[in-house]
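Asker: What follows is each chain in one-letter form.
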Amino acid sequence: MTDSREGRARAEISFAVNGEPKTVHVYPMERLLDVLRQHLQLTGTKEGCGEGECGSCAVLMDGILVNSCLVPVLQAAGSSVITIERLAEGGTLHLLQEAFLECGGAQCGICTPGMILAAVHLLNGTPEPTTEEIREGLSGNLCRCTGYSQIVDAVAEAAARRRTTA
Amino acid sequence: MSSNRIVGKSVPRKEGRDKVTGRSKYVDDLVLPDMLFGATVRSQIPRGRIRKITFASGIAWDEFVIVSAKDIPGKNCITLIGDDQPCLANEFVNHPEEPILLLAHPDCHVLSKAVEAVSIEYEPLPAIFTIEQSERRSEIVWGEDNIFKTYLIEKGDLDGVWEKADHIVEGEYTTGAQEQLYIENNGMIAAFDAAEGITVWGSLQCPYYVHKALMTLCDLPAEKVRVVQMETGGAFGGKEEYPSMIAAHAALLAIKSEKPVKIIYDRMEDMAATTKRHPSRTRHRTAVSKDGKILGGEIEFTIDGGAYLTLSPVVLSRGAIHAGGPYYWPSVRIHAKAVATNAPPHGAFRGFGAPQSLFAMERHMDRIARAVGLSPVEIRRRNFLQPGQATTTEQVVHEPIDLGKLLDRALEVSDYHAKKQRFANEGRLGATRKGMGIAAFLHGAGFTGSGERYLSSVVGVEGCADGSVRVLVSSTEFGQGTKTVLSQIAAEALGLPYENVSMAQPDTLEVPNSGPTVASRTVMVVGKLVQSAALGIRQTLISSKLLRESYSPDEFRAACQHYVAARGEFRSWSRYEAPSDIFWDDQKYRGEAYAAFAWAVYVVQVTVDLTTYGVSVDDFVALQEVGKVLHPLLARGQIIGGIAQAIGFSLYEKVVWQDGRMQNSQMTNYIMPTSSDLPPIRVFFEELGNVYGAYGAKGIGELPMDGPAPAIVNAVEDALNIPFDSVPLLPEDIMDGLNQDALAASAQDSRVRSTGVVQ
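Protein chains in written order, with our numbering: chain U, 1 to 166; chain G, 1 to 759.
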């Protein structure tokens, strides 16, 4: 872990998280991941590798899928960040969360928040993805448990349900 | 109650909702008041004597809590099978990741600098890094001879077969280390209170392994050590033994600082310092008749255990027992040996020795087929174990398994014969080559030999005050579905809805020791105990006249509430008892090695790209007999996930070593398969049932790790006509193989030209 505090003062940084305005008093180079988890107690975002390879810490920043372990919090200033906690607000599961449950897309659960956000991002851009597009679209998110098949099934199922309910 | 209302159905995963919403609490999500963060100072050399430790200036050392071996209240070891592995090195280091000092500080950001500011002077000693160096014994780095353990399995009269053989086929096969690569790194929190003792919360598979290790280390009685499993983000064997080390470290820091201490490894530390799959070397020498029957053989199975004993004897045992594959050996001699090197100890990883020895067996079957002039299909068919025949340990196959039928079905669904013909016709043109490969194999469920008898697992089922039912086990969930399937079994046994059963959090204060969550034993062995403990609850309510023989869930609830209100705590316990017909001789390594075997035939289609030398798996058919499938969705998930890891083991995942240290300990340079690297994996089950398991289940978790590597390498040989005998098989290995093959061909050409005959 690099020392993100060295030679820098803390600063007030404001951004929206899950639709709510937040201001945090942090070192500007702190990782967005740590700010979410430690300052805002949003522990649904997970750390897997700390170097942008595994996608466990993926969140949406202004609609773009980012690895929050690679985003210095100052870069998030003024943005709108969506984390896994937003998806089932009010207690109703998102279509993708339901599909992950039903199709076996979550095993140990550690990659699941990032994987589901990657799937949200994929379906936002490609509402009717082919299997290849799903596999390609999720290839930045590593899962060691499932071998991906049941995740791919879940995303296809969610896309199909969205078509029928839309 | 034989209708199986719940067992066999894909009910919702118990903890699934928390997992998909991000609400599950893993150890790093837990924050205790006043908590410090801990870090580990490790050896930088593979072997030597510690001469001096200095703390560089520029660090506010007085803010740190520093723990060395001198601070250990009890015995300086991580107790497992042996006591040879220190918790903190005192005088000697035996591998380059050996823990020496521990640091803790309230601010996690200052720790890495502090670790770097500790410098350690050593008197280096010569180190060894390979099986061959260890066997040479020029340096003795463990015990008297560098040997952790040997086994000899002998059956029949091997010495008489060599002269009867029409073919003697030899081969040597090797497999590399493999990182488990659970996505949640290892982590642990410890808190100490003089009155209550030590409590640890962590990411772990085996609460009672950690419990035992902490008792010895802290010199505390059982009731003053408490181990709680948090939600665990993958394990695969990688959190079987090393969590005891991290718990020990966190505990020592917590005792000294009198504050809670959290240690979370980053990816690099986790990959470099914690256990990996044992590298292996297997040698086969097999006597075969002209019609392709195995007459007998000698198998030498050797694994590199790293610097300390840890679990190597048990990994070795499983590897040795599986070394003969699913075949009938009239005579065999299996020499198995685990040796010491100066690498971090290798440990448990799904399959536990069997993927290594079965890789060799299934590659060797293809080699035998070529020597005899039979197809890979036919050579297997002629040697499959049949009911009534005995395995290499003289375990008679009692169940009506028909491996030939299993093979036929796998060939049919994979369209093996037509594809093989087509690929052969496509010939040697174009920039790609395609091939088909087979592996047939078995995996024993539960602990080996007398292991289950020694474990003597205990399971509890509780009737709660609100009338619901709770299962009390130390068996842990880390993705496989432990909570779900054990709840299904209890609900089935009690005739209750699945929703009425909950699982206690694995907490040694609360749950009995149902054994470690390893060895594909949870559903089969622990599940059976859950079934019997649940029936105990039912029997008690019936015999207390609170319930009739047949009842509704509401009647059960009322009866249970009544019982608890009148008599207090209502728990039913069940302890493992070995079936009377299971016999095992630990001395001769003979007898019923496992209560049940799962059986499988996998068929793989690969494409080798002659430009990039990359191998891709195009189709994967996985057919297995695993007894009754209790939860089809979870079972399918286990098979596919295991195959994905095994494809990584075969084609992607290479640990690069230098002087005993992993050089590529990052996800950037240690490559595991992504969603776009893997084919759809087609899973098929046959269900014979199993008398020893809950509702006829056998173990399933490790099986899919065993077959893919040989099936893939067999397919590559089919595509290129070049035998490869090592995994991982990377593009550079394919390139080397093709180049050598081309050289050999041109050398042969020139000999043909100069003499007119083939030499």
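FYI, nobody ran anything at the bench for these hints, they're computed from the structure.
Certain hints may be false.
[What the hints assert, rightly or not] Residues of chain U placed beyond 10 Å of chain G at every Cβ, according to the derived structure:
#1 44
#2 46
#3 102
#4 105
#5 106
#6 109
#7 123
#8 147
#9 149
[Unchecked claim] Below, in silico cross-link-like pairs of lysine to aspartate or glutamate (EDC-like), each with a Cα-Cα straight-line distance of 20 Å or less:
#10 G:25 to U:136
#11 G:70 to G:258
#12 G:25 to U:133
#13 G:9 to U:98
#14 G:9 to U:85
#15 G:113 to U:51
[What the hints assert, rightly or not] A partial selection of chain U residues facing chain G, derived with a Cβ cut-off under 7 Å:
#16 49
#17 85
#18 146
None of the values given here were measured: they were computed from a predicted structure.
For each residue, glycine too, the CB sits at the ideal point set by N, CA and C.
Asker: Each hint needs a verdict: does it hold in this structure or not?
Answerer: Hints, verified against the model:
Interface exclusion of residue 44 of chain U from chain G breaks down, the closest Cβ pair being 2 Å apart, not more than 10 Å. Here residue 46 of chain U does not stay apart from chain G, with its beta-carbon only about 7 Å from theirs, under the 10 Å limit. Residue-level check failed: residue 102 of chain U sits 8 Å from the nearest beta carbon of chain G, not beyond 10 Å. At roughly 8 Å from the closest C-beta of chain G, the C-beta of residue 105 of chain U falls inside 10 Å, breaking its exclusion from the interface.
For residue 106 of chain U, the condition that its CB be more than 10 Å from all CB atoms of chain G is violated, with the nearest at approximately 5 Å. Taking the minimum C-beta to C-beta distance to chain G, about 3 Å, the non-interface status of residue 109 of chain U is violated against the 10 Å cut. Distance check on residue 123 of chain U: its Cβ is at least 15 Å (rounded) from any Cβ of chain G, clearing the 10 Å threshold; non-interface status holds. Residue 147 of chain U, annotated as away from the interface, has a beta carbon of chain G within 10 Å; the closest lies near 3 Å.
At roughly 5 Å, the least C-beta separation between residue 149 of chain U and chain G is not larger than 10 Å, which violates its mark as non-interface. Between residue 25 of chain G and residue 136 of chain U the alpha-carbon distance is near 30 Å, which puts this suggested pair outside the 20 Å criterion. A C-alpha spacing of about 17 Å is found between residue 70 of chain G and residue 258 of chain G, which places the hinted pair at or below 20 Å, so the restraint holds. With a C-alpha separation of about 32 Å, the suggested pair residue 25 of chain G and residue 133 of chain U falls outside the 20 Å cut-off, and the hint is violated.
Between residue 9 of chain G and residue 98 of chain U, the direct Cα distance comes to roughly 18 Å. Compliance with the 20 Å bound is thereby established for this hinted pair. Distance check on the hinted pair: residue 9 of chain G and residue 85 of chain U sit about 30 Å apart at the alpha-carbon level, beyond 20 Å; violated. With a CA separation close to 19 Å, the supplied pair residue 113 of chain G and residue 51 of chain U stays within the 20 Å bound. Residue-level restraint check for residue 49 of chain U holds (minimum Cβ-Cβ distance to chain G is 4 Å; threshold 7 Å).
Given hint, residue 85 of chain U at the interface with chain G, holds; its Cβ is 6 Å from that chain's nearest Cβ, closer than 7 Å. With a cut of 7 Å, the hint placing residue 146 of chain U at the interface with chain G holds, because the nearest CB-to-CB distance is about 5 Å.
The structure fails hints 1, 2, 3, 4, 5, 6, 8, 9, 10, 12 and 14 (numbered hints given earlier, in ascending order).
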